[in-house]
Amino acid sequence: MNQPTNISGATCRDAPILKERGQREVFCGLTGIIWLHRKMQDAFFLVVGSRTCAHLLQSAAGVMIFAEPRFGTAVLEEGDLAGMADAHEELDREVDRLLSRRPDIKQLFLVGSCPSEVIKLDLHRAAERLTVKHAPHVRVLNYSGSGIETTFTQGEDACLASMVPVLPETDERELLLVGALPDVVEDQAVDLLNKMGIGPIRVLPAHRSAEAPGVGPNTVYACLQPFLGDTSAELDRRGARMIQAPFPFGEEGTTLWLRAIADEFGVDDETFARVTDAPRARARTAIANAAKALQGKTIFFMPDSQLEIPLARFLTRECGMEAIEIGQPYIHKGLVGPDMDLIPAGPTISEGQDVDKQLDRVRAARPDLTVCGLGLANPLEAEGLTTKWAIELVFTPVHFYEQAGDLAGLFSRPVRRRELLKLEAASASKETREVAR
1 MNQPTNISGA
11 TCRDAPILKE
21 RGQREVFCGL
31 TGIIWLHRKM
41 QDAFFLVVGS
51 RTCAHLLQSA
61 AGVMIFAEPR
71 FGTAVLEEGD
81 LAGMADAHEE
91 LDREVDRLLS
101 RRPDIKQLFL
111 VGSCPSEVIK
121 LDLHRAAERL
131 TVKHAPHVRV
141 LNYSGSGIET
151 TFTQGEDACL
161 ASMVPVLPET
171 DERELLLVGA
181 LPDVVEDQAV
191 DLLNKMGIGP
201 IRVLPAHRSA
211 EAPGVGPNTV
221 YACLQPFLGD
231 TSAELDRRGA
241 RMIQAPFPFG
251 EEGTTLWLRA
261 IADEFGVDDE
271 TFARVTDAPR
281 ARARTAIANA
291 AKALQGKTIF
301 FMPDSQLEIP
311 LARFLTRECG
321 MEAIEIGQPY
331 IHKGLVGPDM
341 DLIPAGPTIS
351 EGQDVDKQLD
361 RVRAARPDLT
371 VCGLGLANPL
381 EAEGLTTKWA
391 IELVFTPVHF
401 YEQAGDLAGL
411 FSRPVRRREL
421 LKLEAASASK
431 ETREVAR
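Numbering (full-length UniProt numbering), first residue to last: 1 to 437.
One thing to keep in mind: the hints can contain errors.
Subject to a maximum C-alpha distance of 30 Å in a straight line, what follows is the list of computed DSSO-like cross-link-like pairs (lysine-lysine) [to be verified]: (1) Lys39 to Lys297; (2) Lys297 to Lys333; (3) Lys333 to Lys357; (4) Lys297 to Lys357; (5) Lys39 to Lys133; (6) Lys39 to Lys106; (7) Lys292 to Lys19; (8) Lys388 to Lys297; (9) Lys422 to Lys333; (10) Lys120 to Lys133; (11) Lys19 to Lys388; (12) Lys292 to Lys422; (13) Lys19 to Lys333; (14) Lys388 to Lys422; (15) Lys422 to Lys297; (16) Lys106 to Lys120; (17) Lys39 to Lys333; (18) Lys388 to Lys333; (19) Lys297 to Lys19; (20) Lys106 to Lys133; (21) Lys19 to Lys39; (22) Lys120 to Lys195; (23) Lys39 to Lys195.
These are computed hints drawn from the structure, not numbers from a lab. What you are looking at is a predicted structure, and each value in this text was computed from that prediction instead of being measured.
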């Protein structure tokens with residue numbers, strides 16, 4: 001019961017992967033702060049970087065000048081970059097000033113950037129030093145948000161991975177849900193699992209540091225996001241065990257994700273059906289209504305968010321689309337393998353990016369929809385191609401049953417918009433011809 005539809009022949013897990021290592025077009029990992037600072041109520045993210053880093057965060061978050069956000073930038077000035085000042089002394093001063101003004105801060109993240117990494121500023125040592133200084137009131141951790149080698153969602157991965165080694169030890173058998181979701185979506189997931197009798201359930205990241213989950217050999221965890229490779233590795237080192245499943249996008253993905261956890265905790269089929277049948281039916285109806293414009297359409301994923309493979313599974317199996325190429329910045333089969341098992345072989349699977357070569361493939365294929373970064377969307381639209389911003393898929397609630405229709409709608413809207421524009425253009429052209437006669 002509730003098992004995936006059998007797929008005959010090879011799947012995308014068996015397909016050769018086109019690996020590209022050329023020019024890339026992505027946001028940096030600092031972007032993850034925008035959703036993490038809302039999730040972790042007593043944390044503060046201090047970016048050690050340039051004024052450009054500060055401008056990125058301010059513009060992306062839309063923070064008003066009189067707001068009191070939980071992130072900021074310790075700006076590296078010219079003297080710091082030239083080695084004329086002791087950057088560690090400057091950083092200590094900034095942290096002391098921040099913590100004296102904001103006693104509500106319980107966790108402080110020192111976030112590395114391209115400038116701090118270029119000058120080899122050791123933020124790990126700084127975090128250790130500052131933890132000793134400000135303990136027990138504040139714990140100071142560090143991670144890299146640099147975009148030199150990473151894509152933007154890996155900022156969350158690096159942040160959560162930095163937290164795992166300092167989580168308390170526990171021997172309790174607990175389910176740990178890993179990954180940041182909007183509160184309303186997280187509550188939906190926890191509610192479904194609670195109704196099946198599964199528990200205790202803990203979440204990483206927790207809303208407050210005092211609620212941080214324990215980890216130990218009896219901990220089993222399920223990832224909510226497909227870009228948490230480093231966090232998963234850190235949890236494995238602590239003795240926890242991952243429950244592998246497709247990611248909870250759409251009706252099928254959500255059902256298989258829940259079924260894998262239910263099997264781990266011995267939930268019977270009758271209980272599973274009682275809890276999931278109604279939301280599954282709602283999700284199927286919502287998807288069918290939203291996906292009418294997607295049936296038979298082709299889609300091309302450029303690598304950006306790390307959500308590409310699970311989304312391709314959802315769109316091809318639940319929305320009737322045909323994938324031409326599924327590009328992902330990094331392919332971690334330990335995480336996305338179950339989704340790859342559900343996608344029949346056929347589309348090109350690419351890892352990494354060489355922008356010019358990939359743009360050539362997009363132009364040759366002329367897909368009905370191209371999922372790409374902001375920097376490529378407008379140029380492709382100008383060439384007559386329909387695009388979808390990849391970053392919107394991270395900022396919008398799209399997980400689990402109640403958001404399944406919204407997820408399909410994110411892809412169908414640009415397709416419908418393009419079709420409406422074509423109809424309007426054809427109508428205008430007809431009117432022009434009639435006037436000319």
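Now for the hints, and whether the structure bears them out:
no., hint, in the structure
1, Lys39 to Lys297, "36 Å, violated"
2, Lys297 to Lys333, "27 Å, holds"
3, Lys333 to Lys357, "24 Å, holds"
4, Lys297 to Lys357, "23 Å, holds"
5, Lys39 to Lys133, "26 Å, holds"
6, Lys39 to Lys106, "14 Å, holds"
7, Lys292 to Lys19, "34 Å, violated"
8, Lys388 to Lys297, "14 Å, holds"
9, Lys422 to Lys333, "40 Å, violated"
10, Lys120 to Lys133, "23 Å, holds"
11, Lys19 to Lys388, "23 Å, holds"
12, Lys292 to Lys422, "18 Å, holds"
13, Lys19 to Lys333, "14 Å, holds"
14, Lys388 to Lys422, "18 Å, holds"
15, Lys422 to Lys297, "16 Å, holds"
16, Lys106 to Lys120, "27 Å, holds"
17, Lys39 to Lys333, "28 Å, holds"
18, Lys388 to Lys333, "25 Å, holds"
19, Lys297 to Lys19, "26 Å, holds"
20, Lys106 to Lys133, "13 Å, holds"
21, Lys19 to Lys39, "35 Å, violated"
22, Lys120 to Lys195, "50 Å, violated"
23, Lys39 to Lys195, "24 Å, holds"
In terms of the numbered hints stated before, the structure departs from hints 1, 7, 9, 21 and 22, listed from lowest to highest.
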